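Below, each chain spelled out in residue letters.
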Amino acid sequence: MDAVEKANAERQKRWIKDQKVGEGTYAVVYRGHEASTGKKIAIKKIKVGQFKDGLDMSAIREVKYLRELHHQNIIALFDVFSSKTNLNLVLEFLDADLELIIKDRSIVFLPADIKSWLAMTLRGLEFCHRNWVLHRDLKPNNLLIASDGQLKIADFGLARDFADPGYKMTCQVITRWYRPPELLFGSRYYSTAVDIWSVGCIFAELMLRIPYLPGESDVDQLRTTFRALGTPTEEDWPGHTKLPHYVAVGQFPKPPLRDLFTAATADALNLLSKCLIYEPRKRISARDALNHPYFFALPNPTNPAKLPKSASQLAPRPLEEVDGNVDPSGSAAAPGTKAAGTAARLKRKASVSEAETRAVARRLDFTLSSSQRSP
Amino acid sequence: MSKSGWLRGTTVRKGLGSSQNTRASTPQVQSTSTTIFGGGVKDATGKVSEYSSMEDQCPVCKSDRYLNPKLRLLVSACYHKMCESCIDRLFTLGPAPCPICGKTLRKLAFMPQTFEDLFVEKEVAVRRRLAKEFNKRREDFTDLRAYNDYLEQVEDIMFNLINDIDVAKTEDRIKQYRIENAALIEANIQKDESYAAQLREQEETERSTRAERARELEKEEDEERRAREAVERELLNNLEHSSTDALKLVAKSRAELAKREQARKASAGAAQSRAGVLRSRAVMSAIPDEPHVPLQDNWYAYEDKFVLKDDYFDPLSEAVKKDREGIMRAGGYRVEEAWERAIRCAVAGLDVPPSSELSAVQSVVPHVDLAGDVVMASA
Amino acid sequence: MAVDDNRRVPLYEGSTQYRNWRFSPDKLQETRSSLNAAAVAGIRKAFEADSAVPRTRQPGSSANVSFLTPEEENLLVKLYIGKISQLCGLFKFSEEVEATAITYLKRFYLKNTVMDWHPKNVMLTALFLATKTTNHPISLEFYASHIPKTTPSDVLDLEFLVAQSLGFEFSVWHAHRALWGLWLDIQTLPDISITTLSQVQEIALQQIRASRLTDAELIYTPSQIALACLSLASSDLAKQWAESKGSLSVLAIVENIQQLIAGEGTDPEVEAVREVDKRLRLCKNPEKVPGSKAYLAKKAEEEATALARRSKKADDVKKAMEAGDPFGDELGMREGALDDDD
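Chains as they are written, first to last, in full-length UniProt numbering: chain G, 1 to 375; chain S, 1 to 379; chain H, 1 to 342.
So here's chain G without its partners, still in its complex pose (with noise of 0.2 Å):
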């Protein structure tokens, strides 16, 4: 036990906490950086003890997972180490995600920036069911962002290994408004289809700035999808109504994409309607997704350096860049968490003058966002 102990006391010294930017019901987050680079992490600290089952099941999947995931579009673990009650992630440092990005009105969507995300958001996801793990959690909140504008999927804490033959999982898995309608029937047997519905839902919200499908219960749910969908046939979906919550919510015709998705291509709009094909088995697949023509059709994506910044990212670089130094405007969000309560998210204290002076920086006037409607 000592030596055990004597090697994380070892592990420990690595990494130097700075500052605490959040806290959760189970986990709080901290600032820092690694003692003998100064390279940006963060560290997230999990309470042990504390539930009646012992280790959480959300620390144990992170932990699990993040350790065998290493892609360039999954944040990175660097380090894992812990004291007598405690267990502490290293994660990279991430301070902005994709949702505060869609959410900033300021900030204008080039067809290529949307093209750009979604191609890393799905070869992130490629690799998960690559190593045969469905992440049963997307949506933009937990697509974050790194300074140099790659994205990386993070919060692992509802992912599992694909199910052996017979064996049943959980359908109450992935936030509702991204959540694929064989979970909302209660399905227990599924595949890596959940997570590219989610990711058609998250394409939807990048083209429409808002979300596309948001229900206010799960039933509310179905009827939101069927209203923007059309209600499945049993020839569009063999056997949907014999899942063990199936209800009946109302007939609605199947709507064209284009007359919502205005701006989308051709190639964009059949792209988004192969993800959220009603049948799971016929869904596209991540990796079929991403040999799809409406990423080799020009504009090419986005260079992740180029990709949109929300401001609060814009405005303490300069001080980072020169000398790692502590951020005295305020960092943002608790990285690589989905701590339990947005309580971990703290304000941003950004300065609007700094980010206008940027070249790089996109503050429009708020005329402008209303007619631009990418891609």
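Read the hints as simulated data drawn from the structure, not as lab findings.
Please read these numbers as outputs of a predicted model, since none were measured by experiment.
Wrong hints could be hidden among the right ones.
Unchecked claim - Heads up, simulated SDA-like pairs for lysine to any residue below, C-alpha to C-alpha not over 20 Å straight-line:
| hint | chain 1 | residue 1 | chain 2 | residue 2 |
| --- | --- | --- | --- | --- |
| 1 | G | LYS84 | H | ALA304 |
| 2 | H | LYS111 | G | ALA3 |
| 3 | G | LYS282 | S | LYS309 |
| 4 | H | LYS92 | S | ALA319 |
| 5 | G | LYS84 | G | ARG11 |
| 6 | G | LYS274 | G | ASP236 |
| 7 | G | LYS6 | H | LYS45 |
| 8 | H | LYS45 | H | ARG281 |
| 9 | H | LYS312 | G | GLN19 |
| 10 | H | LYS92 | H | THR131 |
| 11 | G | LYS242 | S | HIS367 |
| 12 | G | LYS282 | S | GLU337 |
| 13 | H | LYS149 | H | GLY82 |
| 14 | H | LYS313 | G | ARG14 |
| 15 | G | LYS282 | G | GLU234 |
| 16 | G | LYS282 | S | ASP323 |
| 17 | S | LYS70 | S | LYS81 |
| 18 | G | LYS274 | G | ASP288 |
| 19 | H | LYS149 | H | GLN86 |
| 20 | S | LYS322 | G | PRO244 |
| 21 | G | LYS168 | S | GLU337 |
| 22 | S | LYS132 | S | GLU152 |
| 23 | G | LYS306 | S | HIS292 |
| 24 | G | LYS306 | S | GLY372 |
| 25 | G | LYS39 | S | HIS367 |
Following the hints, complete the assembly by docking chains S and H onto the known chain G.
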């Protein structure tokens, strides 16, 4: 000759292919007559749009567009309509009385109709005629009252003429006015013309400055490109011939380019409009948008070591095969994914020799470098 | 893929299993020996501290105590591996859970000694942890209530320790899944009779279970172990498949594994184990026994260090606040930037 198209105007005869039709249901105008009829009200560009509708019917011969698609109705000096063939029939041999009101008309007195309502047509013609002479402005009067009185007078005259009331007396009034105000009328005509000329000049200058700016921009970008090429060429030259460290040379030329960019950006910075912000993206074109590459990592997943079959004899997936209600299928469970996982496990690390290390195992942490490749670096 | 093959990293080699839990046979031996030696030294000291007041054990200096050898430790662990299988049968846990729990137990004892922690407790915790990490969780209540003489806290107390010893590396690649893959992939070979294959598979599966009693998974890869088990059932089939994969070199490795399974893949003799267990009671580390003098002393020592560290931190904070440290975040200051137990 005054170029004020509105007042004088040259009639631009609408050809068959003209697309100037702004009225509803206006088919192409086709003439069956050998005479060319001028006149008509011109719009701001000096062109005439002719009015016609499906309900047109010649009051004289009663033919309509249904029977005669090429029907074209023209308006007489006494503001009565009739079709070209009637006009030809009645007036080719010389002046003749108007079949509707009896007034003597010449053939050339007929004009194409511009407005749907003939009354309006008449009014427009009257106003046009009077405006040339009754052209006093506000400045010509001492107070507002006087100006308004003048305007009322004008309206009165116009009303009479349009509605054929006391025409002779009204014409006399006009004549009277003309004599009394000859000088002022002339002066105002001059003023109008010079004003119009001014406006035209402004437009010209604006257009030319815009063109010039565009040309300048082009020149700038061209120059920049050439400069960049020159620097690159120099760099290549240096790399070939000089003995300085290649890296240093490259860095130097990069720095030079960056400096140049900065200078240009600084000078162009001030005049950024909305379009300019989008253009700043193009300025960052030092970073290109690469074409899409589906997968960018360097993980090897043993793809070449096996081929997945559609179906296997597999007791472990009996439950899936049975799936009587089809709910596993409806939920989307893919047993192929489980099979692929198993087979990959069977081929993964097949040739890995056991560790031969005797000393402490270095914890090798995979680390993703800037290119997105995974590199096994020691912790 | 358009990527140059030299730069490509095979998926398995990115796993923690390959990176951190792969040893040579010599290295395994060395690790266990040094762990054992360190444990003995530590326990001797604890005995000295404890000997002032006689308790349930025989009074005397530590010279009389005969400590376990590394081999004896291993024997005990082997016994409890078997017990895991029994429990899994009782609870009807899947093979995945069973295999994972066994791996956890083995790995635990590469970082700890049985004289500090008795496998009968660790085994229960490892199994419970395995149900969680493999996504087959059950409630602690249910679990403890179905195991005689076990309270929930017996299981939970060690959970963090086990997880810590595993380095929080929970993902394991198993040989039985590789065997399943073999079963499937062999069907692509020509002239395969399913009946023969089924028989072979039965035997191979038993061999897999036997292999779990050995150190095989700590030395070789799961695919190699699976192939070896298949080879024990039908060496021709194994050879045929290996050839089709262009991996003839693996057959030599398979040989070694076969020998290992044959030699070590059997349950330990009950008598021998009973002996070891008896001696263990005498050489157990008193520091780990709640209530013993040594235990209490150790606890007191830990408390003191923690207290000292905490007050030092409080002083630092006070000093910083007085000095008006510009780097102090208001939020952190207000809510106490201190970690209470770092």
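### Query
So which of those numbered hints doesn't the model satisfy?
11
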